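Visitor: Residues 0 to 292 in numbering that gives the first Met the number 0 are what the sequence shown spells out, letter by letter.
FYI, nobody ran anything at the bench for these hints, they're computed from the structure. Values in this document were obtained by computation on a predicted structure and should not be read as measured data. There's no promise every hint is true.
[Said to hold, decoys possible] Distance condition first, Cα-Cα at most 20 Å in a straight line; then the derived PhoX-like pairs of lysine-lysine: (1) K165 to K31; (2) K243 to K279; (3) K165 to K130; (4) K243 to K145.
[What the hints assert, rightly or not] Ranges of calculated distance between the beta carbons of each label pair, as one might list FRET restraints: (5) T268 to G188: 53 to 63 Å; (6) I66 to I16: 46 to 56 Å; (7) S249 to I16: 47 to 57 Å; (8) K150 to D259: 17 to 27 Å; (9) D259 to V14: 38 to 48 Å; (10) T287 to L25: 38 to 48 Å.
Even glycine gets a Cβ: it sits at the ideal position worked out from N, Cα and C.
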Amino acid sequence: MTLLFKIGFLDISIVNIIDIALVAALLYQVYKLLKGSVAIKIFLGFLSIYLIYLLVRALRMELLSAILGQFMGVGVIAAIIIFAPEIRKFLLLIGRSSLLSDDNVWKDMLFFWRKKDNAIFNISPIIDASKTLAGSNTGALMVISKSTELKFYAESGDILDAELSKRLLISIFNKFSPLHDGAAIIHNGRIKAARCILPVTEREVPAQFGLRHRAAIGMSETTDAIVLIISEETGQLSMSKNGKILHNMSFQEIRETINDYLNNLDVDTRFEDLEEYEMKKRRKLAMTSKSAS
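Between the sequences and the hints, there should be enough to build the whole structure, so can you do that?
Guide: Put into structure tokens, the structure is as follows:
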């Protein structure tokens with residue numbers, strides 16, 4: 000092991016530097032996952048106690064090390080119980096980024112010479128239905144997935160497996176329809192299910208966003224789908240991806256974003272973090288009030 004330098008009684012090697020860098024990267028990813036939720040404060044508390052434990056053990060303070068060591072042993076079990084939803088979300092994030100998450104991965108490996116199925120389909124029915132729904136202030140929630148059918152979430156509602164059409168989408172989200180509550184899941188040009196229950200984000204969201212927006216953000220946090228929201232109060236259109244949001248979009252922007260997403264183009268940079276969105280909103284309100292005065 001190549002020794003780089005010493006800090007007091009600590010010998011620092013290349014492996015130690017790599018180890019520290021990997022741990023820092025992992026902690027940063029965990030922080031991003033928990034940011035904005037109540038769990039971040041609990042996580043920082045656990046992390047602080049663990050760092051104190053490492054320091055105390057390095058200084059050979061036997062009594063305090065034994066006490067904190069017992070606490071850390073029980074703390075691991077407590078952390079698993081407390082962070083059960085976050086652990087599930089973390090595993091879902093790993094699963095969706097894994098090569099094995101693709102339903103056709105084995106088929107692609109065995110028949111690599113075959114052209115892969117194209118996820119692109121005609122999205123005009125989605126845009127046309129959105130115009131009608133937004134015009135009548137009818138709330139809607141549409142999950143558009145390019146990689147999987149999202150069977151777990153589809154089975155929480157009513158399975159349709161129907162061809163995508165404007166009239167069917169309008170019928171689903173009609174205020175008097177028994178299917179209008181929940182979300183419609185769209186995959187490969189078909190409406191897989193309606194009245195689906197989506198996971199609601201636990202992060203703090205701007206006050207103007209209702210349950211549909213919270214569900215859309217939560218769904219985009221746990222899957223790689225893109226979610227279209229039509230507000231029942233204002234008729235405005237929003238989209239969510241990877242826990243981020245784009246608010247008050249035009250129909251042309253909706254069309255371009257969905258098409259680029261289906262064409263595997265990078266659309267993540269177009270979306271805003273919730274904190275960034277809130278800051279821009281406050282800045283805009285401050286400028287408006289200043290100009291009015």
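Visitor: Take the hints in turn and mark each one as holding or not.
Guide: Results for each hint:
1. K165 to K31: violated (38 Å)
2. K243 to K279: Between K243 and K279 the Cα gap is close to 14 Å, so the pair holds against 20 Å.
3. K165 to K130: This hinted pair holds, its Cα atoms lying about 10 Å apart.
4. K243 to K145: holds (18 Å)
5. T268 to G188: 53 to 63 Å: The hint (53 to 63 Å, Cβ to Cβ) is violated, given that T268 and G188 are roughly 27 Å apart.
6. I66 to I16: 46 to 56 Å: violated (31 Å)
7. S249 to I16: 47 to 57 Å: holds (49 Å)
8. K150 to D259: 17 to 27 Å: holds (25 Å)
9. D259 to V14: 38 to 48 Å: Holds, at about 42 Å.
10. T287 to L25: 38 to 48 Å: holds (43 Å)
Going through the hint list in order, the structure does not satisfy hints 1, 5, 6.
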